[in-house]
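Asker: Keeping their order, the protein sequence lines are chains A and B.
For the first sequence, the residue numbers in the numbering used here are 154 to 610.
For the second sequence, the residue numbers in the numbering used here are 115 to 1355.
It cannot be assumed that every hint is accurate.
As the list claims (entries may be wrong) - With a straight-line Cα cutoff of 27 Å, these simulated BS3-like cross-link-like pairs (lysine-lysine) come out:
id, chain 1, residue 1, chain 2, residue 2
1, B, Lys1348, A, Lys271
2, B, Lys174, A, Lys285
3, A, Lys214, A, Lys246
4, B, Lys1248, A, Lys320
5, B, Lys1252, A, Lys313
6, B, Lys1252, A, Lys271
7, A, Lys313, A, Lys271
8, B, Lys997, B, Lys536
9, A, Lys320, B, Lys1348
10, B, Lys1252, A, Lys318
11, B, Lys758, A, Lys308
12, B, Lys1348, A, Lys388
13, A, Lys308, B, Lys1252
14, A, Lys285, B, Lys758
15, B, Lys571, B, Lys758
16, A, Lys271, B, Lys961
Hints are computed from structural coordinates only; laboratory data are not their basis.
As the structure is a prediction and not an experimental result, all values here were calculated from the model.
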Amino acid sequence: MKVMAQMAMVMNLDKCIGCHTCSVTCKQAWTNRSGMEYVWFNNVETRPGLGYPRGYQDQEKWKGGWALNGRGRLTLRAGGRLNKLLNIFSNPKMPALSDYYEPWTYDYETLLSAPAQKNFPVARPHSLISGKPINIEWSANWDDDLGGSMEHATKDLMLKGIEDKVKFEFDQTFMFYLPRICEHCLNPSCAASCPSGAIYKREEDGIVLVDQDKCRGWRMCVTGCPYKKIYFNHKTGKAEKCTFCYPRIEVGIPTVCAETCVGRLRYIGLMLYDADAVLEAASVEDDHDLYEAQRSVFLDPFDPAVMREAERAGIPGDWVDAAQRSPVYALINTYKVALPLHPEYRTMPMVWYIPPLSPVVDVIKDTGHDAEDQDNLFAAIDTLRIPIEYLANLFTAGDPAPVDAVLRRLAAMRSYMRDINLGRDPQERIPAAVGMTEEEMYDMFRLLAIAKYEDRY
Amino acid sequence: MSISEPAARRSGFDGPLADALVGTRRFFTRGDVSDDKRTLSLEGGRGGDSFYRDRWSHDKVVRSTHGVNCTGSCSWKVYVKDGIITWEAQQTDYPSAGADRPDYEPRGCPRGAAFSWYTYSPTRIRYPYVRAVLVELFREAKKAHGGDPVLAWGSIVEDPVKADRYKKARGKGGLVRSTWDEVVEIVAAAHVWTTKVHGPDRIAGFSPIPAMSPVSYASGARFLELVGAPMLSFYDWYADLPNASPQMFGDQTDVPESGDWWDAAYLIMWGSNVPLTRTPDAHWMTEARYRGQKVIAVAPDYAENVKFADEWVTLGPGTDGALAMAMGHVILKEFFVDQQVPFFTDYNKQYTDLSNLVVLVPGPDGVLRPGKYLVAGDVEGGPKSDSENAMWKPAVFDARTGELAVLGGSIGDRFGDEGLGKWNLELGDVDPVLTLFGTHDDAVEVSLPRFDAADGKVAHEPRGVPVRRLGDRLVTTVLDLLLAQYGVARDGLPGAWPTGYDDPSVPATPAWQEELTGVPAAQVERLAREWAQNAIDTDGRGMILLGAGTNHWFHSDQIYRAILLLTTITGCQGRNGGGWAHYVGQEKIRPIMGFQHMAFALDWQRPPRHMNQTAYWYVHTSQYRYDTFSADDLDAGTGIFAGKSVMDLLSQSVRLGWTPSYPTFDRSSLDLADDAAAAGMEAPAYVAQELKEGRLRFAVEDPESGTNHPRILSLWRSNLLGSSAKGNEYFLRHLLGTDSAATAVEAGPEQRPTSVEWADKALDGKLDLLLTIDFRMTSSTIFSDVVLPAATWYEKHDLSTTDMHPFIHSFNPAINPPWQTKSDWETWKAIAKKFSELAVDHLGTRKDVIAKPLWHDTPEAMATVHGEVKDWRAGECEPVPGKTMPVIAVAERDYTQIYDKMTTIGPLLEKVGMLTKGVAYDVKREVEILRGRNGVRRGGVGDGQPKVETDIQMADAMLHLAGVSNGHLATQGFEFLEKRTGTRLADLASEHEGKQITFADTQVAPVPVITSPEWSGSESGGRRYAPFTINIERHKPFHTLTGRQQFYVDHDWFLGMGEALPVYRPPLNMTHLFGEAPVGELSDKHGQSLSVSVRYLTPHNKWSIHSEYQDNLFMLSLSRGGQSVWMSNVDADKVGIKDNDWIEMVNRNGVVAARAIVSHRMPEGTVYMHHAQDRLIDVPLTERDGKRGGIHNSLTRILLKPNHIVGGYAQLSYFFNYIGPIGNNRDEVTTIRKRTAKVEY
C-alpha cells in the first residue's frame, strides 16, 4: 500500500442551474489573456449536446484516454508513447480551432466615434485570431439550453443505445447541465502522453499541472486527454490547463469555480488512495467494473492501518483529518451518490458527479398519479425525463444499475424528509429500501441540502 | 468483481518499448515516476508554476456590488492589482440564515461575474459627449447672446429650423467630446430655460429601481424634485407591478425572501424561471426539494427551471388564468362545498372578504348582477350606521345572531377619531357567515361575465346565488358569488351549471381549461387537491412563485387574481413558507422611509411630482393615436365606456384626481401660481374655478398642441430606448424625431377620443434635450444629445438591498473614477450648482402649483363613496380639489438655492415629521444625531442643518431615517400603529431598539435589517421574511377597503368591465384589434420568403440583466454573439429557417433583424426574443427598409388597461409605483421569415 493524497471534487448535477458563473469567474481569473481567448478551463455543457470542444467524447475520432489492448494491458488510445514520438511533428488527432470556436470581439469604439451618418451605428464582430470581420457560427457554449438541438444535440454520442427512445420532440424534452474542469486523474493520460515530461501530479495533493518551463508545445497531451481539458496557448506555444486553483488551495480557500458556484453544488475534499492499486484498477477488463474498481482504490481515512501508512508516507496529520472530514469521500464512498465521468477512459478521474433527477414524463401526470407519493417513488425513477441510459453513458460506461441506485437514494431522501417536513413520523423503511439507516439519510440530507460553506469545502 | 483477487492478467502498459520510453522520464525530470510508470509526481522546486502564482497575486480586495436592475443584491469581492481592477468573485460572509437551513453564500451570477470587463472596455464612456451639430449651434448662439447660455439654449430650441437639424441627427453618429464645464452648462441652461418658459413639469427624469443604488437614484431625483420636475415610475412601466396586489392586498407588492422557500412544503414556479431570473436564489429551491418539498413548474416551454420540477405543466402562453380558475373550481368544490375545513373557514372569516355582503342590482337587461359592498352607512339603524366613515365599513352577517354585523379593521376605522384602537382584524364576538346557503331567503340568478371566446368578447352565464333580503335590497356574500363565478354548483340554486369536472362548455371546470390551456384535466384536479391538502397538512406552507411569464400580459391582473385566490382561500398568505412570491421587477428599498424623504426632497417641500410612466409615454410618444379599441372591447358590453376611447378614460382619470399627469395643465405651473395671486385667490380655488369655466385645461386633453409635452428627459441608471420603451419606434418618431420603422395607421375618425383634441398630425421630436448618464454605450446613449460619463459600480459608494435576502450592504470604490468619469451624485451636484447660478438671473424664487392625485394610505383614499364615479366635467358634481379632482398644492421654490438644498437636510423633517404608509414618525432626535454624524451646514438656506454633501452622508441619512436600519424609529412606528390597532406590535422591533445601522457597518459585512412597520412581515428573532405575517399574527389590517384580503372589487369601472371577481381573460386578439395575421398563418406578403405568424414573447435573457451585460464580451461569447430569437423546429420547418439563419420579424410596430435559435424545447406557434438586446451589437440593416434593425420592443406598443387608472377609492388610490397602468408587452404577435437579402451593416 502506498498512501497518497488527492484533492478531488464532487459536483451535484441535481443542483446545477446551468448559469455558467463558474465559467466566467474562472475565465476572468485565469484565461482572459491573449493566446487563451478560446480557452475555458471550466465550461458548462447542456446535455444532450455536443460539449466543448464539440464532440470531445468521440474517442474513435480523437483517440483520448487509455484503452485495454488484447493482452489486457493499458495503452494510450492515441497509439502509445512510441507512436507519439514518431508523430511528434504532425499530430492530426486534435480538435481544430473550429471545434473549440474562433474567438471574437466587436468594434465597440464605433458606437462613440461614428461620424454623422445615415444609419444608427453598430458594433460588428471581428475575429480575435485574424482581426477580420467574422460571421459567428460556433462558440464554447453554442448549444446552450438545447439551442440548435435538431442539428447538434441529435448528434450527442451519449445517446448511444437509446436513439430510438429519445425523439427530440417538444413534449419529451429533457436537459441538464454538465460543468467540467480538468479531472486531475489518478491515471492521467495527458501526463503519459507528454514527450517532455512537463505534465506532473503534485506529490502532496495530486493536482495535475503543466510545467510552463518544460512544456515544448508538442500538444500530445491535448490528444491524450479524453476530456479535452488541456489547451494550447497559441501565443506562448505551451499547453495550459486547470490548476485546481492551487495558489488558493494552498492557502486554504476553495477553487474559484467552487467558491463562486451559486448553485452551491461543488464539494472539494481530500481523498486518500493506494497508488499501488491504481494501475490494476484502471485495467479491469469490463468497463462496467471501472466505477467500483476506482472506488476500491480509495482508502478509508478512519482505518487505523491507513492512518499508519499515511503517517509513514509522510502525509501530515492534518491532511488525514481533512480526508476524514472530506465531503467528497462521504459522497463517493459513504453515501455512494457520486459517480465518475467516463470511467471507460480509464484515467481514474477525480471530479465526480451526482446525477440529476428530472421531472416525470406525461404518462404519470395524465393519470392523475402523484409521483412523489412514496408508494410510487421508485416507479417514478423509470419515468424521469432524463433516460437512465443517457446518464449511464456519461457516468458508468453504460451500466444503468449504479445510476439507478443513486437516483433511488435521492428520491428516497426526499420522500423520507417530506414526512419530517410535514411533522409526521419518519419511516425507517424508506432509507432501508435503499440500504441506508435513518441517521445516514439525515446526514446525507444535511450535506446535500443545508450544505454550509464549511461542509462543502 | 473484486480487484483484490489475483488478477489473471497482469496490469501494465502495452509493451516493453513503451515501458522504457515512459521510464525515461525518470532521467529528464526531478520528479518521481510512479513504480508502475503511469505517472509523474513532483515535489518542490516548481519554477514552472510561478506564472499562476503571479496571476493570482493581488494588492487588495474591495467589497462592492452591481447597481443593475435585478433583485440579486449580491455582495462581491473586487480584486485590484497595481491600481487596476482585475476580476471579481462573490463574498461569502452573509450572516447565517440558521443552523438547520442553507445560507445565502455565495450570491452572484455569470453576468455580475463579467462586470469588471466594462471598466476598461472599448464601450466605456470616458469623457462627456455632445452631438456635434447641437454643440456647434450652442457655441454660436452663446456668442450671439452675450454669453448667456440660457438665452442661447432658448434660441435653438424655439427655432424650428435649428431644432430640426439636431433632432433629425439623433442616433446617427456624430457625437463629439466636450468638457464637463460645457456640458454642465448646456444641461443646466436647458433646465433653466424650460422651467422659466414652459414650467418645471415639462422636465422629467427616469431612473429605475432605487433599491439597487438609492444614493445614485436620489442624486437626480432630489435635484429634479427640488426644481419641480416629475420623476417617472418604473414598476408599472416595466409591467412588473402586479395590479392584483394593490387590488387584493392594498400593498404594492410584498414577497418572501428566497430563504423562505425552504419553509414551503409545496412550491409552484408559475411563469417564474428561477435559475435564470433569480440566479443567486435558485439554490434555495433545489435544496428545499431535498427537504421533501414538492415542486411544480408551469411554463409554456421547457424552461431552465423545469429541469428541477417534479412535474412540468405545459400550457399555452397567456392561458394561466384558466388553469388557475380550474384549480380554484376544484378547491372550492371539494374543500368549501363538499366539506368544511376549519383551517380554511377560520382563515377566511378573519382575513378575507369572503363573508362580506354584496348587493345585487339589475343590469340594463333587468337581470341581476353583483353590485356594491353593503356598508354600515347603507342600512339605516343598522350596526355602526351612524358612526364616523360609516360608508367605509362593509357589513357581514353574524352566525351567532343571524343579524348584520360590521367588523372592525376597514378603512373607515383607519382614519378619523372613532377608529382609534379599533383598526384591527379581531372578530370579537362576531362569527361571520361565509355563505348564505342554508339560511337564505331566496335563490336568484345573477348574470356573470365570461371572456373565453377567441375574440375576447364578453358573454354571460346565468348562475344562481342564495340571497337574503334587507328591505328592498338583495344581498349575498362574496363567497357565494365566487362559487357562482367559478361554476361550483349547489343543489337548489337556479342557473346554468357545469355537469361535472368533465364538462368543457362553461367556466371554470378542469375540462374547460384543458381546451384553453392544453393541460390535462386530470392533472389539474390532482394538483388542486394536492395544493389544498398540503395547506391543511402544513398550516398553509404552500407557495407559488410568479414571474414575468404570468405578469406581463394585458390582463395580468386577472391572471394574478385567479392565482392569488389559490394561495389566499387556502390560508397560505401571511405564513412562513406560504403564499404568493411575485418575482419580477419587485424590489425592496428596505430603508424605504429614509430613501423616500431624501430622494424626493420631502425634507424641503411636499408633495413631490410623481408620474406613472406608462400613461406618460402613451400620451407623449403619441401612441394613443394608434389605438383602435372600441368601447365594447373595454367595458364587457355594459356600456359604461360607451363612446369613449382609452384616451378619454385616461383624461377622465386625470381630471378626477385618480392618476397623475405631467405636464399637468396647458399653462406653466409657475404662471398658474402668479395667475392665482393676480386673481387674489388661493391656488386650489382658482384652479377649480378655471377648470370649471374651461379657461384652464389639462395638458393631456390636448397633447399635440405644441405646449403640452415634455421637453427635457434625463436618464441615469437607465437604458429606456434599449430596454423598457414599449413601442420603441414611436419613441424614435414622436419623442425624438428621428428614423422609425413603425407602419401602423392612426385611428380612424370613429375610433378617436371625443374629450381630447385630435391634431391633424402628431408632433415629431417633442424633446428638446435627451440627457443620458452612463458608463457604457447603449441604445439610449446613441440617441442622446448629451452623454455624460458615469463612474461604474466599482468606483463609488452606495447602498444595496433587495427583498430576496434581508441584508443591507454597500458599494465601495475599488478604484477612483477613471478618466473624466463621475459618480451620479457628483454629476447631479455639478448640474445643480450650475443651475442655481444661472437661476439668479433667470428664475429667482417662484411659486409652483402642484396637482397631486388622491393618495393611498391617506384619508384622500375615501374620496369616492361606493366607488361610484361622478365627473365634475359632466356636471355630476362640483370640482373639489382633493375630493373630485386632484389635490392642488403650492410650493415655493428658490431656484437659486437648489444646490444648497440638495446637499443639506431640510427643516421639514423636524417641523412636520415623517410619514410612510400611513405611519407617522417624530424624527427630531434622528436629525440631531445626523448633525453629529454628517456635520452641519453653515450659512445659507440650510444653515444649521445636517449635511448630505457626499454619497456616504446621503447613505447614512437614508439609513438613519428608516425603521429597518434604526431600531428606535421602528419601535416608535409600531407604537404609533398600536394606538390605531389596539393590538400589540412594538415588541416586534424592541429587541433591536438600540440598533443603528451605519454605512460603515455595511462596508464590513452585509447587515440584517430590523422588523419595521415599513413592511408587513416580521423578522424578529431571526425569522425568514414572509409578507403579511404581521397582519395574520398580530391582526393588523391590510390596507384595503375592508381591511381584509379582497377577492371582490366593487368600483364602477371594475363592475363595468366584468372584473369584480377573478375571471379568465385570454391574451388580446391582435387580429381582431389591429388586423395582424392570425397565429399560424403562412404568408408570402412580407418579402422574398414565406413567413409565419407567431405569438411574440420577450422573456428575460439568460445572458444579461435587461440590457446590461448583453453587450459584454463574456456574455456574447457564451451565447450566440448578437440578437437572437428562439423558435420551435416545427415553425422553423414551415418557413425553411435553420438554426443560426438570419431572420426578419415584422409587424405594424416595427422590424427586427436577428438570428434564429431553433430548438425543440420551444412550443409551436411562439417565439421568444429574450428582451433588451440592444440594437448596437451585430444588428444589420433590415431587409425591409434598409435601416438598422430594431430592439425587442420595436414590435410592441403601449396598451392601457382602463381599470389600472382607477383611483380615489380605498386601495385603488394612487401612489408612486404602487398602482397604475402597466407597460404590458406579452400579447403581441409578429410574422417571422428567413432573410434572403445579403446581410449588410
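Asker: Mind listing which of the numbered hints don't hold for this structure, in increasing order?
Answerer: Structure breaks hints 2, 6, 7, 11, 12, 14 and 16.
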